[in-house]
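Chains as they are written, first to last, in the numbering used here: chain V, 259 to 1212; chain C, 19 to 194; chain A, 950 to 1044; chain U, 2 to 418.
Check each hint, because a few of them may be wrong.
To be verified - Ranges between beta-carbon positions, derived for each pair:
hint: 1; chain 1: U; residue 1: E107; chain 2: V; residue 2: A658; range: 36 to 44 Å
hint: 2; chain 1: V; residue 1: G694; chain 2: A; residue 2: D985; range: 52 to 60 Å
hint: 3; chain 1: V; residue 1: A687; chain 2: U; residue 2: P159; range: 37 to 45 Å
hint: 4; chain 1: V; residue 1: A860; chain 2: U; residue 2: S164; range: 46 to 54 Å
hint: 5; chain 1: U; residue 1: S164; chain 2: C; residue 2: L168; range: 38 to 46 Å
hint: 6; chain 1: U; residue 1: A153; chain 2: V; residue 2: I1180; range: 34 to 42 Å
In short, the hints are calculated from the structure, not lab data.
Predicted, not measured: the structure shown is a model, and the values here were computed from it.
Heads up, the beta-carbon is just placed ideally off N, CA and C, and yes, glycines get one too.
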Amino acid sequence: MSGYRLAAGGRIDRSRPLAFSFDGQGYQGFAGDSLASALVASGVTLFGRSFKYHRPRGLVGMGPEEPNALVTVDRGPARITPNLRAPQVALHDGLQAKSQNRWPSLKFDVAALNDVFGALFPAGFYNKTFMWPRSAWEKLYEPVIRQLAGLGDSPVARDPDHYDATYAHCEVLVVGGGIAGITATLEAAAHGGRVILIDEQDELGGGALADPVQWAALDALKEKLAAAGNVTVMTRTTAFGYYHQNFIGATQSLTDHLAPADASGPRERLWRIRAGEVVLAQGAIERPLVFNGNDVPGVMLASAGRMLALRYGVAVGHAVVVMAAHDSGWRDALALAGAGVHVAAIIDVRNVVGADLADAARDAGIAVHIGCAITAVHGRHAVTGVTFAANGTGPACKLACDAVLMAGGWTPSVHLWSHAKGSLTWSEAWGAYLPGTPIENCRAVGAGAGAWDMGHGVVTAVLPSHIDVRAQKAFVDFQNDVKARDIHLAVQEGMRSIEHIKRYTTNGMATDQGKTSNLNGLQIASAALGRPVEQIGLTTFRPPYTPQTFGALMGHHKDALFQPVRKSPIDEWATEHGAVFENVSNWRRARYFPRGGEDMDAAVLRECAAVRRSVGIFDASTLGKIEVVGPDAAEFLNRMYTNPWKGLQPGRCRYGLLLREDGFITDDGVSARMADDRFHLTTTTGGAARVLGMMEDYLQTEWSDLDVWLTSTTEQWAVIALQGPRARDVIAPLVSGIDLGAEAFPHMAVREGTIAGVPTRLFRVSFTGELGFEINVPASEGRKVWEEVWDAGQAHGITAYGTETMHVLRAEKGFIIVGQDTDGTMTPYDMGLDWAVGKKKPDFVGKRSLARPDMGLPGRKQFIGLLTEDPQDLLEEGAQVVADPDAPMPMPMIGHVTSSYRSAALGRTIALAVIADGRARIGQTIFVPMPGKVIRATVTAPMFYDAEGSRLNA
Amino acid sequence: MLEIAPMAVAGIDLKRGSQPITGAVYGLPVTLAPAAPLVRWSLRAKDAALLSVALGRTLPDRVGTHHDGIARLGPDEWHGLLPLGTTLPAVSGQPLGMVDVSARSVGFTLEGPGAVAALTRGCPLDVAKFTPGRATRTVFETVEIQIWCLAPDRFHVEVWRSFAPWLWHALAEAIG
Amino acid sequence: MILIHCPYCEEDRPEVEFTYGGEAHIARPLDPGALDDRQWETYLYIRRNPRGAHAERWRHAHGCARFFNAVRDTVTDRFEVTYKTGEPRPAGDTK
Amino acid sequence: MKRFSGLNLFAEAFNGHKGWPEHWPDKAPKAAYDVIIIGAGGHGLGAAYYLAAKYGITNVCVIEKGWLGGGNAGRNTTIIRSNYLYDESAHLYDHAVKLWDGLSQELNYNVMYSKRGVLMLAHNVHDIQSFKRHIHANRLNGVDNEWLSTEACKAYCPPLDISPNARHPVLGGALQRRGGTARHDSVAWGYARGAVARGVDIIQNCAVTGIRRGPDGAVIGVETEKGFIGAKKIGVSAAGSTSLVMRMAGLDFPLESYPLQALVSEPVKPIFPCVVMSNTVHAYISQSDKGELVIGAGTDAYVSYSQRGALHIIEHTLAAICEIFPIFTRMRMLRTWGGIVDVTPDRSPILAKTPVPGLYVNCGWGTGGFKATPGAADLLAHTIAHDAPHAINAPFNLDRFRNGRLIDEAAAAAVAH
C-alpha cells in the first residue's frame, strides 16, 4: 500500500483489511472505507474519463455531487451496475470495480483525440455540422457519436435480484442525518407521534463525520435516538422526490454494501412515505472554483480532502495546495494539517482574510498567498504543481504539489424543497439560493437552510487570469465537459434564458444533475449577460435527487406479480385438458383444445363441427355480469340501452345494445329479467368494468332519483355454455325444478332451479345458432358442475371448445363481437341493428348523437358478409377492401375485413366486414388487395347459416 | 382467424395458497391464512332503517365501520360477511338492493404484530390507525380489496376470486 | 399521489382509490331531442379547462364507490373543497 | 445568418468561435404585423418559418410567454412515425414525415432526424387484428408499416423479452422503418433561427393577455405584457394553454389539458437500437444519442397545468418497461419531468380556421405533437396564408364535433372484447 493512508485517525477499522480490485488490479482497504477513499489511499488519482473529450479525471467530491469518479461494479453474472459514484460505493471484501468510457484502457484512451481537437467541438457543435451528405447522419456520424457517448455499459442479462416496496406514514419525516437533522428528529420525537429519520450515507452524522471534534456529541445524539421509542432511523436511504401533500419517495439500499455471498433478500426497497410534516436537513454541497486546469486529477473539493483525511484517514497528497475563495477552505486546510497532511500553501483569491485564519495557517507552517489565483495546473494523470499569480495577472509563481483543494463556497441542497414548489430566495452572503416560503407543511434546517456557520467567502465566476477565458481549460460541468467558454459561446449565440444555456451547453445535465455546476454556470452566465443572477433565473429541480434504480421503482411488480392474470373457475380444468390460451383484457381464456398435434385450424374445424353435429361445452365465465335490483330497474335499463325493457316479462331474456353518449356502440350482451325488480345483465368480457362504471355514473349523477342498485356479479357466477342439438339431452338428467321442454322453456328464456344439486340460473340462449343453454352456478361450484355436465355429455360426444370456435360459430350467424366487428366509430344502423333500437323511446344514452348531421349521411360503413370467389381463400382480418384494385396510390379504401374464418358447416371460408354503403353492395364484387395478389369477394348479408333460425328454436 | 404462437400458459401460473404461511415483516411475526368459507351479501338502500328492518339486523351507521358481520362501505352500501347457512331474506317491491355474492370473493386473514406492516406494503392507507371495528374498501397496489380490522393485529382481507392468487402471493412475498 | 377528502367517507384518502370524472356541473339535458346540434356539441365536448379553480367530478371507486364533486386548483393541484353530488358549487372560486 | 457547416466550424475553431452570431436577437415588438403566432414551440416557430420561407409572408411575429421551445417542444420523447389508421391521419402525419426528411439541410441546422424505426408490439389477438388493419391501410396509402414475427421483433430489438410465458407475450409487431427520433431542442432552435433569418421577430417572456377584435368581429391584434401589438391574422399554437388563449377571443374549445410525464435513465453505451411502443403494457422507449434511455409515461388522470406528475405513474411505467425489457432493472432513472398535453374528444388535432375571422388554431395534439411538427407548422402556415385549410388538414376542423364526423384513432384501436 502506498503512503497515502495516514498512520492514525478516521472511522475506518484498521483491524479489518478488505481486498478489492479496480480495472483488474488488486488493492486493499479497510472496513468503513468507500471505494473512493480506498483507491486514494492506494495512490490512485485517475478514476475515469469525461463524457465528451474523454479527458482523464479524478475524484472531485465525496458525496452525491461526484461528477467524475463513476465506476461499474460487477457483483457476478447479471449483477453489473454502471455509473456508480465511487465515493458512495461502500467497500466490501472482494469488490470488483472497473472504470468506464475508455478504450483500450483508462490510462490510454484513443477517444482522447476528441480533446486534442476539442476546439472543433464547442457547445452545440452537433447542430452545426454532420449534415452532408444527407444520408451520412444515420449511417456514419450518429453511430460514431453514439459509440463515443454513453458512460458505462448497460446490463445485458435478466437481473436475478428482486426489489421491494412499501408505504409508510409518520407525523414527522426528517431528511438528512447530520447534527441538524438528528436534533430536529429529537425535538419532533419529544412531541410524540411517529418520526422517521432517513439519511443516504451508511452512518448518521453528515458533515460531522469529517469533524472528530464533534464525534462525542454525535454519539450522544445517536444514543438519544436509540432511546426514543417513536423514532425510526433508516440509513443508506435516499429521499429522491418530494410529491404532492408531503408524499416522499425514498429508496433504501439493502444489499449492495455487502459481499455478494452475504447478501440475501431484496436488493432495494422503495419507501412511499406520507408525512404530516417534513423537515429537510440535507446540508450543503461545496462549489468548485472555475480556473484553468481545474479538472486535472488531484484537483478536488476541500470538503472532499477533509472527509478523506478525517473520516477515512487518507491523505489526498503529500504536498497539498488549497485554492480558496471561502473561509471554510482555511478551516479544512488547518484540519488536514492537524491530521498530519502536509499543506504546502493556501492561495486565496480574496485580498482580505480574517487575521485569525491567516495567523493559524502560518502557525501551522502553511505558506499563505492572499489575493492570488491559480492560472494553471500542471500534470495530466495527476497534479504535479500549480502556477499562480497575484490577482491572476501578476508575475507567475510555480509551486510543486500533488493535490489541489478547491474551496469555492457552499450551495445549500434545496432539491426536495424545490420539488415541493417551495419558493427560493437569493442570498448574496451564500452566493446561492436558500429556501424561502414553503407550500407544503415543510421546513428546512441546518446548512440546507443557510443556517450554519460555514464562515465567509466571495463568489467568483471565474478566477482572475491573464489568459483569455476562451483559451482556458476552466471546467464548470466536469462530466459533460462544459467549460466557462462554452457558456460564453452560448450567450454569444443568443441564449439568454438559463434553460437555453443549460440545454445548449448541457451544463448541469450530467448524472450529478448540476450539483457542483449549476451555481457556477449561473454566475458565469450572469457575468456574460451583465445581468444579476436573480434575473437569469434558475433551472427547475426535478426528481430524482440522485439517480434511482428502475427495479426499486418497479417494486413488487416483477415477473409473476407484474399484473394479475384473471382466471375462471374452469381454468384449471382447461389447463389439464391441454387448452391453448389467449389473453382477453386482463383475463386468460381457453382459445382451443388441440388433440394429438392438431394446429389451431384443425382443432377449431373439429370443435365447430362437433357443436353443430352434437354438443359442445364452453367456459363463458369471464362475461361481465351485473345484478340490477330495485323498483326502477326496468326504467333505468330503458334509459341506458337502445332497446325497450319495460315490456320484458320475468323469465325472459333480451339482447341489449349499449351506446356511448356520442352514439357509438360500446357494449352489448344478453340480459334476463329475473323478477319485476331484478335483472341479470351480461356484458362483454373486456367491457364489464367500463359498463358498470358508466351505469353508476348515470345512476348517481343524473338519475339519482331512481330506486335501483347495481352489483357486479361477474365473479359470483361461473357460466357454462352448452351448445348443440344434444344440449338438452345432456343436462336433462342433471336438472331439477325446471321444465326443459321447448314450449315451457323457449329460446331467450331463463329459469331457476338446480343442476347437479347446485342452484342455477339456467339461460336458454345461443351465441352459436344452435339449441343452447348457459348454465350460471356459483363460481365456487363451477368446476364441479362443469365436470358433471362433461361426464353426462360423454354419451352424446360432448366436445370442449374455446373462444376461437365460439367466434367462428357466431360469425356463421352474423352475430357481432363488439371491439372486433365494431371499433368505437360504429352506430347501431351501421351494424344493421336497427331492430335493437327502441323507435318509440323518447330518449336513451346516445340517441341524440345519432341525429347529428353526418351520422345518417350516405357513405358510412355498414356491416356485411364476404364470400371469396375461391372458397379456400382466407381473407386476413384487418385487410382493406377497395372497389377498384387498379386505382393509383393512395388507393381509395371502402372498408375492411373485421372477422374471417374457415367454416366447417359451409366447407369454405367466410368473412365479415364493414364497407361503405355495404348493404347496397350486396351481390356486388369487391376487391381485397394483398401483397402480390388481389382477392375477389362477393358482398353478402352477414348471415351464412340457418337464416330462418330453426335450429336455435329447436 | 389468426394463428398465433401458442401460449402454453399466458402469464405465470399463480395459485391461491390453501395452507397458512407464517413469516415476519421487519422482524414482526405475522401469519397469512385462508379465511373460512362465508356467506357474503351486497346490501343497498337509501334508507338504512328500511334495510335494517328487512334484514332484522342492526346496521353500523358510520361509513367505514363494521358491526355484527356487516360493514358500511358507503352511504347506501353495506356488505355482509356471515356464517355459512345464513340466508338472505327474500324481499321484493321495496327500494332495497340485496344480492348474494358469497362466491364472488374469497377471504384471507392476516394476524400478528406484523399484520399492519404486511398490509402497508401495498395498501396506501395509514393502516396503523385502522382500529378494530373499522372496515373499508381500498387497494393493495392495483388490486381492489376490503380490509376489516377484527382485533388489534388481526385483519380480514376480502378480494375478488380471480385476483386472489395474485394477492396471496403478493402478501406471501411481503411476509416471506 | 394526491390526497382527496371524500365527503362521504369523511376522511382524506389516497388518489389511487379514486377515478377522475371530468368537469363537474354539466347536467345531461332532460330532453336531448330538444337541443340543436350546437347545444348538443356543447354538452358533449366543450369544457372550461381553466388554469386555476376547476370544479370536477371524482369517484371514490375503491372506497365508498360514490361520485362527488371537488374544486381543485389546476396550477397547484390543491383541492380547495370537495362536496357531495347534488350540492351546489361553493361560491368565490371562479377564476 | 452565418452558414453552419463543418468547414465554418473548422475555421471558427481557430478564431475561438468568436464569429458565430446570435440565433435569435432580442427584438422589441413592432406596432403591428401581418401575422402573429402565439406560442413559440416547434409548431409555432415552424409556422412562422414556413410563412416566411414558403408563403412569402415575412412580417411575422412569434410571441412566447416563456422561453422559446420551453413547452412540450422541449419536454417530449421525440418519437416520429406516421403509421396511423385513418386516411386523414395517415396523410397528415406522413406529410410531416416527408418534411422531416431533409429538414436539417433545409434549415441548415442539424435536427438529428434518425430513422431508427418505430416498433409497436402486439400482445394479444386483438392487437394483431388492429395492427394488421393499420398495416394494410398504410400500404394502400403508401405509408410504410410492416408486420414482424415475434422472432423478427427480437432480432430488430435484442433487449426485448419474447418469453411465451410473459404476462403479455410478444406475438409480433408493426414496424415503420421511416419512423424514429430527432433532437427536440434543435427542431425548435432550427426553425427559430431560420425564421429570424427571414425577417420574423420572436418576442420571448411576453405573455398574451388578450385578443382584440374589431367591430366586424375580426381580430385586430393582441394585448400583451409589452402592450398592444396589431395583427391582421393570428395563429394560435399554444398546446396546453390553447383553451385559455381561445377564451380571450370568446371561444370555448373541446379541449382538456393533462399532465404527461417522461423520464430518462443515466447514459450508457448503445444498447437500444430503435423505438419500441407497447399500448397493452403502456410503455414506450428509445435511446438518445447521448446514451440515455428515453421513456414516456402515461398521462395523470386529471386536468392540470402544474407540470408535476405523481410517483405511482412513474412506478407503473418502469414496471412496464422492465416487464418487456428485464435487462434494465439495474439501470437508473436520472431525471423525470412533466408536460401539459391538450387532448380533444377524438384524440385527433384541430388545425383549422375558427369562427373568429383572422383567427387560426393548431391544437389538440395530445401526446403526439412532436412527430407532426414540420407538417403541422406547414399546414398552419398554409391555412393562415390562404385563409383556407389545405386538403390535408381540412378534415381536422371544429365542425366535426358538431356533425359527428370524428377522426377517432383511439376508438379505432378499440377495446379488447
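Here is what the structure says about each hint:
Here the CB-CB span from E107(U) to A658(V) is close to 57 Å, at odds with the stated 36 to 44 Å. The hinted window of 52 to 60 Å between G694(V) and D985(A) holds, with their beta carbons roughly 53 Å apart. Evaluation of the 37 to 45 Å hint for A687(V) and P159(U) yields a failure: the beta carbon distance comes to about 55 Å. The supplied range of 46 to 54 Å is broken by A860(V) and S164(U), whose beta-carbon atoms lie about 26 Å from each other.
At about 41 Å, the CB distance of S164(U) to L168(C) agrees with the hint of 38 to 46 Å. The beta-carbon spacing between A153(U) and I1180(V), approximately 40 Å, falls within the hinted interval of 34 to 42 Å.
Violated hints for the displayed structure, listed by number in ascending order: 1, 3, 4.
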